[in-house]
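Construct the entire structure; sequences and hints are all you get.
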Amino acid sequence: MNGERPKILFAAGGTGGHIFPALAVERALKALMPEAETKFICGSRPVEVNLYQREGESPFILDVQPLRHGLLAKLKGAAKLALGFAAALKFLRRWKPHRIMGQGGYVTAPVLLAARILKIPYDLQEQNTVPGRANLWFASGAERVYCSFREAIQRFAIRNGKPHCYYSGMPLRKDAVLKDILTPEEARRKLNLEPDLPTLLVIGGSQGAKRLYELLAEAMLLLDESSGTQPFFQCLWSAGENNIEWLEDTFKKQNLKHIKVRLEPFIKNMGVAYAAATLAVSRSGAGSVAELLANKVPAILIPLPHSAGDHQKLNAQEACIAGAAIYLEENTQTPQSLAEAIFSLLCSNEKRAAMTLAAARFPHQNAAQNIAEELKKKLKIIVAN
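Heads up, the sequence shown is in our numbering, so the first residue is 451 and it goes up one at a time.
Keep in mind the hints are simulated off the structure, nothing from the lab.
Every value quoted in this text rests on a predicted model; they were computed, and no experiment measured them.
Heads up, a few of these hints could be off.
[Claimed, not checked] When the alpha-carbon atoms are kept at most 27 angstroms apart in a straight line, the in silico DSS-like pairs for lysine-lysine are as follows:
| id | residue 1 | residue 2 |
| --- | --- | --- |
| 1 | K828 | K540 |
| 2 | K480 | K457 |
| 3 | K480 | K718 |
| 4 | K718 | K640 |
| 5 | K457 | K828 |
[Stated by the list, open to error] Computed spacing ranges between beta-carbons, pair by pair:
| id | residue 1 | residue 2 | range |
| --- | --- | --- | --- |
| 6 | R811 | E664 | 32 to 42 angstroms |
| 7 | K480 | E780 | 37 to 47 angstroms |
| 8 | Y617 | K702 | 45 to 55 angstroms |
| 9 | Q786 | P484 | 47 to 57 angstroms |
| 10 | K540 | R639 | 41 to 51 angstroms |
| 11 | E487 | R661 | 35 to 45 angstroms |
| 12 | E635 | E780 | 31 to 41 angstroms |
| 13 | K718 | T633 | 17 to 27 angstroms |
| 14 | K830 | P755 | 39 to 49 angstroms |
| 15 | L807 | K540 | 45 to 55 angstroms |
Each residue gets a CB set at the ideal place from its N, CA and C atoms; glycine is no exception.
Quick look at the structure:
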């Protein structure tokens with residue numbers, strides 16, 4: 451090396467599904483290459499900035515947001531994207547990264563457009579079976595596209611000729627996969643839960659879960675009423691900042707007698723939560739599904755309706771077909787049907803054991819480490835020249 455420190459920028463915003471894989475790769479790269487300088491860039495929505503801050507990161511913030519429906523909203527969003535491009539161009543000229551890793555999502559577009567103008571090489575990471583628009587647009591200029599699902603490779607090939615697509619698996623944070631390190635009892639103690647009670651983990655994701663939570667809250671009341679006189683199970687519920695107050699009010703009114711519900715605005719130690727879980731009810735974003743499978747947690751997956759390209763539905767179906775999860779459509783569920791699904795799995799060690807075994811058959815490549823090793827090679831070459 452000529453003494454210059456290698457620099458890489460991760461363009462990742464929008465949701466945890468984009469941000470957490472970026473964090474996983476960045477952590478792996480820093481372990482391999484401590485001299486590397488890394489930065490993150492995201493949009494201006496509080497939900498994404500807060501995700502970074504909880505991880506001890508201070509991202510560069512572009513004042514851009516997703517394009518909304520409606521002519522006025524689209525015009526406003528397009529104007530913000532144009533300003534975001536100018537801000538991204540200014541930031542890249544000032545910080546001068548040697549490479550960029552684009553994680554998809556609306557933040558990626560202005561950053562990679564600026565990168566193309568400045569001739570900064572970039573790679574992409576696609577988390578879903580159905581690639582997002584930003585990754586499809588910029589795939590032809592990427593040196594490599596790292597795909598979490600094999601199906602995504604075919605979609606890139608159809609749209610962009612033959613970009614350099616590579617099946618990497620989903621980059622996961624090391625501290626998100628602790629199922630084989632902690633026993634359920636140990637994990638529950640760490641979370642101040644009852645160590646011997648079966649534990650239901652509820653994960654809504656960051657793209658909207660109010661209707662799902664309403665169904666679940668009513669289902670909890672039905673389960674409580676059918677639980678007899680002894681505690682049946684406990685619930686650890688990642689509610690999100692926007693839902694915590696009304697859920698607390700709801701459960702206060704319900705006054706559950708046999709089910710212990712613990713609401714958290716955000717679960718920081720997700721690896722410990724997965725290790726504690728007997729069963730999960732979750733949205734089916736690619737990151738959540740990958741973490742559930744890696745931790746071998748039996749799951750009821752309820753996709754976000756109308757997710758882009760229906761990717762959450764496809765993620766859930768893949769896990770369901772493999773036997774590692776049950777897939778339910780939100781708009782066909784009632785509190786009664788959801789309560790029955792939860793009750794059936796919590797009461798059947800045999801069913802859960804079969805789902806755990808199916809999850810264990812999924813190939814869980816060390817994606818973050820493998821991608822980081824490739825980035826290290828590329829950064830060494832650039833800096834050496």
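(request) Return the numbers of the hints above that this structure violates; sort them in rising order. (result) none
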